[in-house]
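2 protein chains.
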Amino acid sequence: MQNLENTVDRIRELIDNETEQQLSEELASYHSADIADIFQELRPEERFACFTKLDEEKAAEVIEYLTPQLQVEILGEIDEGLASRLISKLPHDEAADVLGDMEEDESQVYLDNLPEKFSSELRELLTYNDDTAGGIMNPLVLTVAANMTVKEALETIRIKAEKENMELYYVYVVDKHNHLLGVVSLRTLLTSPVNLSVADIMIKDIVKVHVDDYQGHIADVFMKYQFNALPVVDLYDHIKGIVTWDDVQDVVEEETTDEILTSSGIVTDLGDDDDDVLTGSLGHAIKARTPWLFITLIGEFIAVSITSRYDTTFSALPVIAAFMPLLAGLGGNIGTQSITLMVRGMSTGYVTLSSSWHYIWRETVTGISIGCIFGVLVALVTWNWQHNVELGIIVGLAMSLNMTIATMIGTCTPLILKKMKIDPAVASGPVIATTIDVIGLAIYLTLVTWYLISV
Amino acid sequence: MQNLENTVDRIRELIDNETEQQLSEELASYHSADIADIFQELRPEERFACFTKLDEEKAAEVIEYLTPQLQVEILGEIDEGLASRLISKLPHDEAADVLGDMEEDESQVYLDNLPEKFSSELRELLTYNDDTAGGIMNPLVLTVAANMTVKEALETIRIKAEKENMELYYVYVVDKHNHLLGVVSLRTLLTSPVNLSVADIMIKDIVKVHVDDYQGHIADVFMKYQFNALPVVDLYDHIKGIVTWDDVQDVVEEETTDEILTSSGIVTDLGDDDDDVLTGSLGHAIKARTPWLFITLIGEFIAVSITSRYDTTFSALPVIAAFMPLLAGLGGNIGTQSITLMVRGMSTGYVTLSSSWHYIWRETVTGISIGCIFGVLVALVTWNWQHNVELGIIVGLAMSLNMTIATMIGTCTPLILKKMKIDPAVASGPVIATTIDVIGLAIYLTLVTWYLISV
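From first to last, the protein sequence lines stand for chains C and R. Mapping of the first sequence onto my numbering: residues 1 to 455, in sequence order. Mapping of the second sequence onto my numbering: residues 1001 to 1455, in sequence order.
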C-alpha cells in the first residue's frame, strides 16, 4: 500500500458505487495490517461494509491489528456466531484482550459460545490483571521434558507446532509437574548431537517474570536483555505462558504515552477504571486534567500576590508591567527544555544519579550562555524601542538571570525528585513552570525597585 | 540483580579493598546486561578496573549492551589487540556501530587488525548511512535456495547455524544470484513433508525494506506488521541483511526522544553531525535550543507591545498588571495539555484527520468545562481578596475565555499542521504557547478597558 489517503479515497469510491466484487478483490490484495490502518480512517458504516467483504481467516487477522475500540465496535455489529468464530481464531492473549475490553455480560456470551478448552483457557487469562504479565502473556508455550533426548525434543516440537498455531521462539524445558527448569534455543537443538539429553544442553540460569509482575517492569526486563520472549511463571515456578516482543511493544508505547502526558500535567493513573484521557468519558478527561492546573492556580496566585505589592511601581512606570509576559514566557520555555532533557535522559538511562553533577554543570553553562545572549538581545531591543537605556539594562539583566535560574531549576528538580524516589515526570512540568514564573517575576520586580529607589 | 544502587555500592567496596578474586566472582555472577547497567553508574577508573576482570567472552557481551559513549571509552582504554578481539566477537551490526562511533583513523586501525572476511563485511556496512536500514541491519542472513527440498533446507540451516552465531528467525529463499524470492518460517519447514520443494511452501508476498530506507520508516513497518525480522534488499532485490526487533527498539527509543524533545522546542535535527543535545558539545546544545527560544522572543515582544499600550490602565488600576502571569500561566498549561494529547494521539494512531472533528468537539467541551470551573474559582478568590466584585468578574471571565481558547488552539494547531503535512511536533509547543499568551492578554486587557470606560 503506497499512500493511505489515496487508498482510503479509492475504497470509499468502491463502497459508494456498490461495486462489491471489486471491493472484495481490492481488500484481499492488502495485508491485514494495512486494512486495519484503512479501517481507522473510515466511518463506522463504511468499516462495516468493508468488514463483511473479508473472508473469515483475513477478518480474524484484521481484528488482531485493530485498536481495542474498533475491535469492540466491529464485533458488536456483526452476527454473534461469526464474532465467536473470529474470536476463536485469535491467539489466546489477543482473544482475552478483546473480551476484556467488552462489558462483562457481553464477553460472557462469547465465552459460552467458544469451544470448551479455549474458553476455559481464556477464563483463566481473564483472571489476571490487565497490567500484569498474566494479562499480556500467551499461555501457549512450547515445552519439552528435561529427560528427552534432542531427537525426541525435535519430534515433540514438530508435532506441537503442527497442532497449534505456535510461534517458535525458545523451547522451555520442564519437569513432569511443569516446573520451569531451563531454556534451549532452536538453534542449539538443531545443531546438537541427537542423542544428548535436553537437560545437558539447556541453559539453567533463566531470566523469567512472574504472572503478577507489573507490565512496565516486564518491558524494562525485555528492553534490558533484548530477548525475543520471556517465560512467565507462577509462585511455584510453574510455567504459565510467554510474553513476546510484540506484547511488550504495546506496553512500551503505553508507558511512553504516560510519561509524555504526565510531564505535561495530565494525571494518567486515576485508578478509577481503564478509561483513557483521549478516548474515555469527558468526566474522566476533566478529572485527569484539573489536579495540576489547580496546583498551578495556587502557584500563580502566589505570583499575583507578590506582583500586586508593586502597584506603586506600575503606577510610576507602567511599561514595567508590559515586560512581565516576556520574562515569564522565555523563562518557562528554557526551563521546560531542561526538564524535558533530564526526564528523557533518565528514562533512556543516559542521565544517572552518579552522573548528575556533570549534567547540572553542563546545563548551568548552557543556561548562562543562552541567558547572556538573550539578555543582551532583549536589552538592545528594549533600549531602542523605549529610548530608555536603564530600562533596557534592567529587562536584559532580569532576562539573563531568569533564564539561567530557570535552566538550573529545570535541571535539578527532576534529579532531586529521582533521588527522593519520586517519578520525576509526575511533579516536574507544571510545578517547575510556576516556580520559574514566581522567581522570575520576583527578580525582575526587585531589580526595578532598586532602580526606582536609586533614581 | 535485585537493586542497582546496592550492587554498585558493593562493587565499589570490592574495588576499593582490592579484593580482585571476589570482584571477578561477583561480576561473573551477573548477566552482561546487568554489568552494563552497573558500568553506567561507575566512574571511568572503576569501570576499567571491573572490565579487566571479565573473561573475553563476557567482555564482548558487556560491550554489546553498553551505550555508544562507554563502548568507545572502554575500547580506547584497553590494549589494542584485546579490543580487536572483542570487536571480532560482536555481531556484525554491533561491530559496525562501535566502529562508526569512533574517529575514522581509530576505526581504520581496528579494521586492519580484524580477520579479512569480517573486516571487509564491516567496511561494506560502514558505507551505509547510520540512519538507514543498511546502517542497522545484520548482514548475516539465513538463506536457502528455492530449488532445495525441505530436507535439504533443514540440513543447510543446521550447518549454517553451527558455523556462524546466527539467530534463527525466518528463513529467506533466494535464487542463485541471491535475489529474494520468498520467506518460510522454521515452523513451516519443520512441519512440512521433507520431499516438498522449498519454492512450494514459501510465502512469496514478502514485506521487505530497502538498504537506503530511513530507520524511522523501518520502525513504522515493524510496529505495523509486528514481524520479528524484516529482510533488507538493494535496488536489484538482492538480499543484503535482516533487521531484527532489537535493532528497531533502539530506533523507536530515538524517535520517541526526538518527538519529546522537539515538542519542547529543542531542535533535534541540526544536520551538522551526529551530536546529541544531551551528550554532544556545548555549542551543539546551545544551537539546538536557541531557534525556538528566539521565535518565542519575537512572539513575546508582540505581547509586550500590545500590553504596553495599556499603560494608562496600569496607572489607573495597577492591580490589573498583577493578574497577567496568572492568566498566561493557566492558559499556557491547559493549552500544552491539549497539544500533548493531540500530538501523542496522532503518533499512536488514535487521532486521525478523519476523526479530527470528534476530538476538536471533545476538547472544546473539556476546555469550556474546565474554563468555567477555574473562572468561577478565580472570580471568587479575587473578589474576596481584593474586595472588588467587578475585578473578580473580569479576571474570572478572562480566565474562562482564555482557558477555552487555549484548549481550542492547542487542539486545532497540531491537526492543521498535520493537514498541511508539517510534523505537528515541530512547530507546536513554543509557538502555540506564545500565541496563547498574546491572545489571553489581549482578551484580558480588552475586558479591563471596557470596564474602565463603562465606569
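The reader is advised that the hints may include incorrect statements.
Using C-beta positions, here's what the derived DEER-type ranges look like [as the list claims (entries may be wrong)]: (1) G1216/R - D220/C: 20 to 28 Å; (2) Y214/C - L1196/R: 41 to 49 Å; (3) G1076/R - K421/C: 30 to 38 Å; (4) G1283/R - W357/C: 20 to 28 Å; (5) I295/C - T1312/R: 47 to 55 Å; (6) N1113/R - K421/C: 44 to 52 Å; (7) G81/C - G1216/R: 52 to 60 Å; (8) D269/C - G1349/R: 16 to 24 Å; (9) D269/C - M1420/R: 30 to 38 Å; (10) S454/C - I1306/R: 25 to 33 Å; (11) E5/C - E1045/R: 39 to 47 Å; (12) E1057/R - D220/C: 23 to 31 Å.
Here are the simulated SDA-like cross-link-like pairs (lysine to any residue), alpha carbons at most 20 Å apart as the crow flies [said to hold, decoys possible]: (13) K419/C - E1025/R; (14) K176/C - L235/C; (15) K224/C - P1193/R; (16) K418/C - E1005/R; (17) K1053/R - E1064/R; (18) K1224/R - D37/C; (19) K287/C - L1377/R; (20) K1058/R - M1166/R; (21) K224/C - E1041/R; (22) K1058/R - D1105/R; (23) K421/C - E1041/R; (24) K421/C - N1006/R; (25) K1418/R - N3/C; (26) K1208/R - L4/C; (27) K224/C - P1091/R; (28) K151/C - T1156/R; (29) K204/C - E1025/R; (30) K1208/R - M1223/R; (31) K1419/R - E41/C; (32) K1089/R - K204/C; (33) K287/C - E1064/R; (34) K204/C - E1026/R; (35) K163/C - T1007/R; (36) K204/C - D1034/R; (37) K160/C - P139/C; (38) K419/C - K1053/R; (39) K1224/R - K419/C; (40) K418/C - P1193/R.
Treat the hints as calculated values from the structure; they're not laboratory data. Where a beta carbon is used, it is the ideal one built from N, C-alpha and C, also for glycine.
We went through each hint and held it up to the structure:
1. At about 24 Å, the CB distance of G1216/R to D220/C agrees with the hint of 20 to 28 Å.
2. A hinted range of 41 to 49 Å holds for the C-beta pair Y214/C and L1196/R, which are about 46 Å apart.
3. Remark: the range hint 30 to 38 Å for G1076/R to K421/C is upheld by a beta-carbon distance near 35 Å.
4. Checking the proposed 20 to 28 Å range against G1283/R and W357/C shows it holds: the Cβ atoms sit about 21 Å from each other.
5. At roughly 35 Å, the beta carbons of I295/C and T1312/R sit outside the given window of 47 to 55 Å.
6. Checking the proposed 44 to 52 Å range against N1113/R and K421/C shows it holds: the Cβ atoms sit about 46 Å from each other.
7. Taking 52 to 60 Å as the suggested C-beta distance range, the pair G81/C and G1216/R does not conform, at roughly 43 Å.
8. Taking 16 to 24 Å as the suggested C-beta distance range, the pair D269/C and G1349/R conforms, at roughly 22 Å.
9. Taking the beta carbon of each, D269/C and M1420/R are about 35 Å apart, inside 30 to 38 Å as hinted.
10. Separation of S454/C from I1306/R is about 30 Å and conforms to the stated range, judged on CB atoms against 25 to 33 Å.
11. Taking 39 to 47 Å as the suggested C-beta distance range, the pair E5/C and E1045/R does not conform, at roughly 57 Å.
12. For the pair E1057/R and D220/C, the beta carbons lie near 25 Å from each other, so the given range of 23 to 31 Å is met.
13. For the suggested pair K419/C and E1025/R, the alpha carbons sit about 30 Å apart, so the restraint of at most 20 Å is broken.
14. With a CA separation close to 17 Å, the supplied pair K176/C and L235/C stays within the 20 Å bound.
15. For the proposed pair K224/C and P1193/R, the alpha carbon gap of about 39 Å is over 20 Å, so the pair is violated.
16. The hinted pair formed by K418/C and E1005/R meets the criterion: a straight-line CA distance of about 13 Å does not exceed 20 Å.
17. Distance restraint check for K1053/R and E1064/R: the Cα-Cα separation of roughly 17 Å lies within the 20 Å cut-off, and the hinted pair is therefore satisfied.
18. A C-alpha spacing of about 9 Å is found between K1224/R and D37/C, which places the hinted pair at or below 20 Å, so the restraint holds.
19. A hinted pair counts as satisfied when its Cα atoms are at most 20 Å apart, and K287/C with L1377/R qualifies at roughly 16 Å.
20. Pair hint K1058/R plus M1166/R holds up; C-alpha atoms about 18 Å apart against a cutoff of 20 Å.
21. For the hint linking K224/C to E1041/R, the alpha-carbon distance of about 15 Å falls within 20 Å, and the restraint holds.
22. Taking the CA atoms of K1058/R and D1105/R, the gap is near 27 Å; set against the 20 Å cutoff, the hint is violated.
23. Taken as a hint, the K421/C and E1041/R pair is honoured in the structure, with Cα atoms around 17 Å apart against an allowance of 20 Å.
24. Under the criterion of a C-alpha separation no larger than 20 Å, the hint pairing K421/C with N1006/R is consistent with the structure, at around 15 Å.
25. Simply put, K1418/R and N3/C have alpha-carbon atoms about 15 Å apart, close enough for the 20 Å limit, and the pair holds.
26. Between K1208/R and L4/C the CA atoms are separated by roughly 18 Å; this keeps the pair inside 20 Å, and the hint holds.
27. With a CA separation close to 17 Å, the supplied pair K224/C and P1091/R stays within the 20 Å bound.
28. Our distance criterion of 20 Å between C-alpha atoms is met by K151/C and T1156/R, whose separation comes to about 18 Å.
29. Of the supplied pair hints, the one linking K204/C and E1025/R holds, its CA atoms being roughly 18 Å apart against a limit of 20 Å.
30. The suggested pairing of K1208/R with M1223/R holds, with an alpha-carbon distance near 14 Å, which does not exceed 20 Å.
31. Among the hinted pairs, K1419/R with E41/C is consistent with the structure: their alpha-carbon atoms are about 14 Å apart, no more than 20 Å.
32. The hinted pair formed by K1089/R and K204/C fails the criterion: a straight-line CA distance of about 23 Å is larger than 20 Å.
33. Restraint check: the Cα-Cα separation between K287/C and E1064/R comes to about 45 Å, which exceeds 20 Å; the hinted pair is violated.
34. This hinted pair checks out: K204/C and E1026/R have alpha carbons roughly 18 Å apart, not beyond 20 Å.
35. The suggested pairing of K163/C with T1007/R is violated, with an alpha-carbon distance near 46 Å, which exceeds 20 Å.
36. Under the criterion of a C-alpha separation no larger than 20 Å, the hint pairing K204/C with D1034/R is consistent with the structure, at around 18 Å.
37. Pair hint K160/C plus P139/C holds up; C-alpha atoms about 14 Å apart against a cutoff of 20 Å.
38. Taking the CA atoms of K419/C and K1053/R, the gap is about 30 Å. The hint is violated against a cut of 20 Å.
39. With a CA separation close to 38 Å, the supplied pair K1224/R and K419/C exceeds the 20 Å bound.
40. A threshold of 20 Å between alpha carbons decides the hint, and for K418/C with P1193/R the separation of about 58 Å lies outside it, so the pair is violated.
In this structure, the earlier hints numbered 5, 7, 11, 13, 15, 22, 32, 33, 35, 38, 39 and 40 are contradicted, and the remaining ones agree with it.
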